[in-house]
Every structure is written in C-alpha cells, then in structure tokens.
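S.K.: Spelled out from the first residue to the last, the chains are:
There are 2 protein chains.
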Amino acid sequence: MTNNIRTHNCGELRIENVEETVTLYGWVNSFKNFGQKKFVDLRDRYGITQIVFAPEVTEGFDNIQNIGREFLLSVKGIVKSRIEGQTNKNRETGEIEVIVKSFKIENKSEVLPFGLDKKSIENTNEDLRLEYRYLDLRRPEMQKAFINRSKFIKALSRDLDDNNFVEIETPMIAKSTPEGARDMLIPSRKYHGSFYALPQSPQLYKQLLMVSGFDRYYQIARCFRDEDSRKDRQLEFTQLDLEMSFTSYDELRNLVENSFIEAFKVYNSEISHEDFETISYDEAIERFGSDKPDYRINGMELKNISNLVENCDFGVFSGCVKNGGEVKGMCIKGVIDKYSRKKIESLQETAKIYGAKGLAFLKITENGIDSPIIKFFTEDELNKIVEIFDAKIGDVILFVADKKSIVNDSLDALRRQIAVEENLIDESKFKFVWINDFPLFQWDEENNRFECEHSPFSMPNEEARKFIEENINSTEDAIKYKDELLNLKADCYDLAMNGVEICSGALRIHVPELQKKIFQIINMSQEKIDYMFGWFLKAYNYGAPSHRGLAFGLDRIVMMLEGAGSIRDVIAFPKNKNWFCPLTQSPSKVDDLQLIELGIEISKKE
Amino acid sequence: MTNNIRTHNCGELRIENVEETVTLYGWVNSFKNFGQKKFVDLRDRYGITQIVFAPEVTEGFDNIQNIGREFLLSVKGIVKSRIEGQTNKNRETGEIEVIVKSFKIENKSEVLPFGLDKKSIENTNEDLRLEYRYLDLRRPEMQKAFINRSKFIKALSRDLDDNNFVEIETPMIAKSTPEGARDMLIPSRKYHGSFYALPQSPQLYKQLLMVSGFDRYYQIARCFRDEDSRKDRQLEFTQLDLEMSFTSYDELRNLVENSFIEAFKVYNSEISHEDFETISYDEAIERFGSDKPDYRINGMELKNISNLVENCDFGVFSGCVKNGGEVKGMCIKGVIDKYSRKKIESLQETAKIYGAKGLAFLKITENGIDSPIIKFFTEDELNKIVEIFDAKIGDVILFVADKKSIVNDSLDALRRQIAVEENLIDESKFKFVWINDFPLFQWDEENNRFECEHSPFSMPNEEARKFIEENINSTEDAIKYKDELLNLKADCYDLAMNGVEICSGALRIHVPELQKKIFQIINMSQEKIDYMFGWFLKAYNYGAPSHRGLAFGLDRIVMMLEGAGSIRDVIAFPKNKNWFCPLTQSPSKVDDLQLIELGIEISKKE
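Line by line, the protein sequences give chains A and B.
Under our numbering, the first residue of the first sequence carries the number 23, and numbering increases by one thereafter.
Under our numbering, the first residue of the second sequence carries the number 23, and numbering increases by one thereafter.
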C-alpha cells in the first residue's frame, strides 16, 4: 500500500548504500562548479547529501544553469563512494555522493532576504528573520532545536504517563481573575459586555481536578500573560503543569527528578538525583544572596560580618548595621593581580545597578592587608575578617553595606559576573537546587499591605498554619501581627537550574476557612473573594484532598538546553520584543462588522 | 527518598494481599450498617475497596457517626478475605475487604447538590452538573472517560513520534483571517484598535512548517471557532493536526491508519487496515446519498431510476426528472408486515425534514406489487424496478423524487433511521471509509458565486489543475466556465467513522499562481487576498514543497469511542450549549480599568 516518493532522506546514505539507485528530495544548500561538473549540497531536515551533476550522466544537464539556492529538487541517481581525500568527516553522509541520472526542479526560489549561514544570521535584524520565519526555520540549528524540543517534552510526558499521570486539557477560554499579571480578554459575542479570558495558568482547574479525585494530573499547557515586556517573555508560553494528591514533597520531587533524568538524555546529558541539591530560602539568601543560586559556581559564598563591624570605627559599616542594614562580603580567590582600582570600579558599577552605594574591598597581599579602609579597623577585627572569609594571600574580599535586599542582590550579581569572568562555570554541566521554606508573605511598601510571596493558594507550613488559625480573624489582626507574619514560612518550593528559576510549586490550601484567612491577610474584601474565587472555594466544601504540584517553564528550559540566545529561538512562531508578529503582521485591524457583532468599540479618546 | 503516604490505591488489593497492613485514601462512595459494624465503599480513581469499621477493632469507632457521603478518609487496616457468599464478582477488589484499625476524616463534605449514581445524573440538569463539575468528574464513568482520552491521544502521538513526526506548537495568539467561521478576537493592549485572534486551526502555520522543511509535523492542537451553536460544538476543540511533505495519499493514509490501529487498542478495539474502505465522493452520494456513509449498515443502497421513469405516466416522477431532478429509492428487506400506512407516514415525516415533499413506496407481496402508484406504471416498468432493487417478497421499496440534494439527504436520513429501527447496526464495530475526489467548488446560490467545497488551499486534481491553468485568468472566466468548474475534483479526502466525519484533509496548493486563480474563482479581490493571505502566499516563492495533511476531530472520536451522549462528556470543563460556563460563571464583567488599558469600550447602542 505504501508508495514512498523518496527512497531516502538527505541524512541517511552511507558507504553501505554504494551502487544503490536512490531518489532524494531536498533544498539546494550550496553549489559549486568543478570542471564541467556541478556539485550541490542537497539539504533536508535529516542532513545534507552531496549530489553531482555530470554532463555525460545527467539527463537534462543544461537545466542546471537555472538552479539557485533554496530551490527544491528531486533527484534520481546512484550512490558512489567519494574518492580518498574528498570525504567529509564532519558530515554523516560524508563518505558518499550521489551521481545524478535525472532530476526535476520541484519548485524554484526567489533570492532570499537573508543568508541562512550563521554569519549572515548574526547580521540579520531579528524582525526580518521573524517576517520570513519559514526560511529562518530551515537552518539546521533551528531544525535541531525544534526536533529536540519535541523529543524533550515527549520524554518528560512519557515518564509521567508511565507513572499513572493523566494529561487532561483545561480550557483556553476561561474566566478573568486578574491577580498579579494582566489577563488577555476575549469579548463574548453572545453576551455583550462580558468577557472570557485566556488562562494565566491552569492553576484553579488543576486544583479542581484534584478535588475530582484525578490524583495525578499533568498537562503541557499554554499559558498567557499580558505583562509588560521583560526580557525573554512572550504573551504565550508553554509550561509543564503538574498536580498530585495524597503525596509528600519527597515523592513529588523524586518523580519529577526522574522525569528530568529521562528527558535530559535527549540532549545526551547524564544527570542524576545527586545533581539536585536542596536548600532553604533563608540559607540561600544568606550564602548566595539569591533565591536561585547557580550551583555550578563553587566558593565565593557570602559571609555576614554585621555583628563584627557593628561597633567598628568605619561609619559606613557600623552606621549601616545600626540602621537595620547588613554588611556582607565575599572572597575572590587569587585575583589580586587582576583587581586594579579600575577593575574594582567596574565591579562597583555592577553593584550600583542593584542599588548599592559603593563597594569596599580588602586585598590580601604578601605584605599584609591593603585597602583604603584599613585604617578604620583594629588588628583584631581585620584578623577576624580574614578568618571568616578564609582569605589567603592573593585573594580579594568585596563588601557591600546596605539594606538587606540591596546587599544580597548586588553581591549575587557580582558573584555571577565574577564567576563568568574567572571562568569558574562548567558550561557543560547542569546543576539543580530545590529552594524550600519560602516566606509566606512579603510587605508591599507602596500599597502598605501584605502580599503572598508565592501565591495565595499556597499552604503555610505547620507552624505558620497554627499561628494564623489561632491569631488571625481579620485584616486588622494581620497588621497587628505584622512582624510575626513576615517570619512565617510556606510549604513552597522552587527549582533553579544553573541559577535560573525553572519551576515553582507548593502544597495547596484545601481548607476553606484557612484560605479565607489568607485572603483577609492580603486585604481582599469578602465581596472580591466571592466574585473572583467563590466558584472555586466552594469546591473545598466537598471532601477536597490535600494536594501539591508545580509548574515548569518549558520554553526557558529548552532555551538553556539548546544554549540559545533568546526564548524566541525555541518558539516556532514567536512575537517580537514588542509583541508584534512580523510574519503575519499581527495584531491587525479587523472589520467593523466583527466589532459590532462583539458589541465593542475602539475608544476614541486616548 | 520516596515517602508514600498511601501504601495502595483503592483498586489494587487482591486475595494475595490478605493479612497485609495497608493505608488507603479515598472518598466515601456509600456506606451501610450491619449489626454493630459499618461497611464503607471507599473510592478513588483506581477503584473501590470495601472497608469495615468494627467497634472492637477500630480506634475511635464512635467518630464514624460523623461520616457522610463523599467525605475523604484515610484508613489504616488489615486486608482480609471476604467470607464465601459475600464476595463481589463485579469488582476487582471484590474478594477482599480491609478491617480498619485506625482512620482519619481528612476532609468532610457538605451534602452533594446531586447524586453521583447513574440514575441521579440522568435526572440532573446539565448546567447543575457543570456548575459542580468537580463532583460530576468524580463519577467512575467520567474518570474512565478522561483516563482513556489521555491514553488514546498518547497512543496516537507515540505512533507518530515513532515515525519521525515532530510535534511543534503553533501560536494561540494569531492573526484574524476570518474565512468561514468567525474568529474570536483578543484586543491588543499595546496596539490600541488592533486585535489578535485565536486560531481556527493551525492550517497556515503548519503549511509554513512544510515550507521550512519540517517534513512530518503533527500537533494535538486547540482550535477555536465562534460558530453559532450547532449540536455538539464548543468554542474550543482539540484536533490532531498533521502535515507531510514528499508523500503520497497512500503513504499518508497508511501511516494514519496504523496510528489508529494502535490507539484503538486503548479501547480494546481490534481494528485493521481492512476496516478502512475507500470510495469516491460521487459514488458515495450515488450509493448512500451521503459523503459520510455508515459502513456498518449493509444493504439498502440507493438506486437511481431516473432514466427508467423519465417518460412514465406517474407525473411526480417524470416531471421531476424532466425538471432536472432525480428519482432514487432503496429496498428494505422483509419489513412488509411492519410497514403499515402509519409507519410509512412516519418515515415520510423524516423525509420532509430534509425537504422531500413525499415518499412513494412499493410493497412486494405474495400476490404481487401493492402500492397506490402502481396504476401509473407498466408491467414492464414495474418488473424493471423490482429487478433494479433486487426486491423479493416481503420487501418494501421507498422512493423520493426531488432535486438531487433533497433526494440524497432524505434517503440518507431514512437509511440511517431504518438501520437503527431494524437493528442492522453492530454497535460494537468501528467501520471507516475514506471519501476521495471531492468536488473542487460548489455554487453559492444565495451570493451567486463559487465557494470551495473543502478549502481554498486544497489542490485540484491533475485534470482540474490543467483546466484551471489553461482557462481561468479572472473571476469573469470562472462564471463563463461555471458548469465545467462545478465538475472539477480536488485532491481532498475525508474519513468517516460509523457514518460520522472525523477527519478532513487534502493535498495543498504550493504554487502561488494556481493559488491566485483559485482565489479569483471564489471572487476574492487582489486587495483582500493581499491583506489576509499575502504574508502566507509569499512563502511559496521560496522553494515550497508539495505537501498534504489532515486533521482529526479528537473530541468527537473520543465521544464515539466512549459511547458518550454529548461532546461535553469528554471535555473536562466545557461550556454549556449557550457557551456559558456555569462553573466559573464565565464570560463575566471585567473592570473598566481593564477595558481602558485595552482601548476598547462596550457599545451602548444595541
């Protein structure tokens, strides 16, 4: 029944096929003349095969004059082994070539708007690439990226399938419940003045599936957020969304790590459970200044010397600590010769981006400590500092004194920058770290209210739950216990890969009374709770199980696995940075009739 | 590392587990008292296990009084074999029960708004079921449906994966190109007055992927159509979308049939390539009056007697034929005793729904032919009719005389109805038929113009392509060759399963000049072509390959496989028939601020 038009693809012929008559289809990747012969690199998704047109062998040889780059050809010919010295070891088909007996120009091509080789692409404006995305996607790097992306997602899915997870599709046409990011709205044609919304995530639906008893759910889910363009964001993105009932954090982690171990094989990357570390949020901030530390970086851990310098003579340090700030630093090994005044000034610029007012330093020289601030410290204080940082001759210690968040953010940034500069990162490795025990709340200074650090649906840990259940019955109670609440922890977890957050999850609240208290703490009125989440909270009155889950940002993970420069390189048809699609010229104007049917108008006043 | 909270699920304990101590989690499906003991059917996604509370064994026995239906319990107990006569053969766990040593009410439940047993569900308003969808989904039938749905889609996907297909995600935030059904629009916040649209299908994107050289693509794709509610439609639906380059119809069919054969195993349904028949559109209409015949029905094929009756004395028949109509009929075997005047009148009512003015009949009795119209026919004519229909004593022949479409539609409807009435359909079987050689165009009487029977992107067959290329250069040419164009065929194909269209596909046009002529024939202005499809047609200038594909309506297929009454029974969170979601109360009003940000207003005039 099968009737294959081609006998082989352009990536599969080998020395074993010599003397076979084959039919190939492919695009003209490049061509060159050699004597009377013409050599063409014929390309398809699977590879490149060299084909040879020769006047004495090839029927209709004269037509070759019409061939140009990216013409689509079909050729019939005989596989020959290349003569010695002309084989191409970088190509799997490099030992053979196909001598063309007959061929057909299946479709011609206009001159391309840009070249498809790496160099040309680097010099091509991204919007032009996106306008001709179908050409951009012909590049072997891009083809590989999307084939790998597909395989990676399949591998994750298969492992979950094998563990009794059910993939269930949740609606794309959902309810608007803005909270955090903006919803993208869809005007309803049947109910004028009412709107559906694209889901920011399947969060509430997946939790309802747990209430339904589906026990182990996942979905490769498209999500939508109308956030102001941050680097590497798109209006739509894909996440691996997962939820489980009757489980523990350890079981969930183990299952997820197993899926990752399987899926990373697609990239020939051997990872094991040992590559997954664990740290609490507080410890991560203390040691690395970050809630997504890069575990490929060894050393340069931050040390807190606030206690030591609280009463020292250096006013910048002691004043900072007395005003509730912190002094932390890190020791960079053996860089003393490179760390000129100019170099340190440039590091200071980095620190300033994160709000630091300056950068203090100590250099450990053969002749003792060298630093402009040395005069403010006693011998004993200096010795203690050297001890704390385990500093040796040749090292440089950097310090930031400021309020907590600035100290941590700026030292984290410096640590990452220096690790790159000093070549301390093994780019071939993948290192993961689970971060636990996130704060339950943070204080929104601007609006003078609590907000949830993770999500209002995340479960407080046992101690926090007890505190809230015993003490909170109103928004006023929350203000009263501000300090206590800010110290509470949630049963939340993130996963960072190579210093990038790739996953976020939590145990969910499944008890209506507790959920209500959380909403009270973040100052949501009962009316608003009812309107936005009443339909959802109702479900908890019917024997809801305890459940937990997480969501992975797949675009970002694939981008990292591919070593791609942008998330747009791993999305087939992305919008540009301004959320315009140069390919389809979208968004675009629509007929007035369409708007009339939807009962909406474009605002005239701006 | 693993720390399982439950030792087993509620579906897996067997006689081999007797005397094991187990921990189960589940919902109280039902309970009964027996003496001092309480028996509970504990249910989860995997099954039901009988658990027994006994005062002398169960810790905290008195708390059982508080248990109600759908309470969530965790129990620790010992597996015991049931005493003879009390086993339950309908249940996989029916040979054992668990004697509870300790238990916990994990979460209580309010009284449900409706019972979860079949009878209660039948008497429950569908909107109420949808409002409490998370309870509706607890029913074992529903759980099975979604687990099977997931497995079925996975099986299809895996087979395609194994055949080098790449799943590539295409945008959900796309361009509005209304054509046929209405687009659902998304106002752009960044570009006021412009709109994105949800894709009606990935059609254009997948064709661009072929231009990119991805060669074998598929996607489990969400699609969106704002069509006026037809039976079993939703605003969003899921299709298996597939496209291939460098292939033949036979190869595509074979691959797709293989995937189906694999996937049907999920439903323990053994199908083979032999269950896939092939028929041309014209033959299907001629023999069955339908372009989606139900191949489970044997016999009752339609016969055309137009030639025979063109000059007969029965004016209804001869007049019809002379006016360009047709007379067709079908023979129903052995029903003469059942086909009273009243019965035939009721069949006539069916025919009338499809526009027929009446239904003529001949009954073949032991004493010759019996019919009110017998007097209009000669002996010879009657003999020929009997011969054509191969009618035997006991049979009844039904006739419709009218214009072609009415004859075919009404006889198709009668054939399906009678097949059910006469029990001629084996409901356990799945019969497929590929329908080929669809007409390229049809004539839109209302708007006095051509439209494409399938899609404007479908390739004419060779003869048709030649005709168009040679004769058509403008919309005027098309009108001039109206009759010829209406006879042309396209390289299109549908697949019908048990008389329902489940798939539609075609070879695509990949030649810009031909595509332009097709748009001319359907009277699309160059301006409109450029605005709507210019960005797309441009791609064909760069060595586009010949490609073909198809799309399967997965919701409908799963519905049929499940024997579900409605498509809503196989979609986790569907809208109701009025496209309202009773669960989330969506669509809903949004904040004025959201609309201001989007630059739109709700129209005041209606």
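These aren't lab readings, by the way, just hints derived from the structure by calculation.
Heads up, some of the hints might be wrong.
Identical chains blur together in the list; that is why a pair holds if it fits in one copy or across any two.
[As the list claims (entries may be wrong)] Pairs of lysine to aspartate or glutamate residues, derived as EDC-like cross-links and limited to a Cα-Cα distance of at most 20 Å, are as follows:
(1) K102 to D335
(2) K126 to E81
(3) K176 to E284
(4) K140 to E473
(5) K364 to E305
(6) K611 to E549
(7) K426 to D63
(8) K173 to D183
(9) K374 to E148
(10) K365 to E584
(11) K414 to D313
(12) K364 to E41
(13) K626 to D613
S.K.: All hints, please: hold or fail.
M.R.: Hints, verified against the model:
1. K102 to D335: neither (83 Å within a copy, 77 Å between copies)
2. K126 to E81: within (10 Å within a copy, 83 Å between copies)
3. K176 to E284: Answer is both; intra-copy 10 Å and inter-copy 18 Å each pass.
4. K140 to E473: Neither way: K140 and E473 sit 46 Å apart in one copy and 45 Å across, limit 20 Å.
5. K364 to E305: neither (33 Å within a copy, 86 Å between copies)
6. K611 to E549: Answer is between: at 15 Å across copies they meet the 20 Å cutoff, but 38 Å inside does not.
7. K426 to D63: Neither, since 59 Å and 56 Å both go past 20 Å.
8. K173 to D183: both (15 Å within a copy, 8 Å between copies)
9. K374 to E148: neither (31 Å within a copy, 61 Å between copies)
10. K365 to E584: This pair counts as neither: shortest intra-copy Cα distance 32 Å, inter-copy 70 Å.
11. K414 to D313: neither (29 Å within a copy, 85 Å between copies)
12. K364 to E41: Classified as neither: same-chain Cα gap 67 Å, cross-chain 76 Å, threshold 20 Å.
13. K626 to D613: Both: 16 Å inside a copy, 19 Å across copies.
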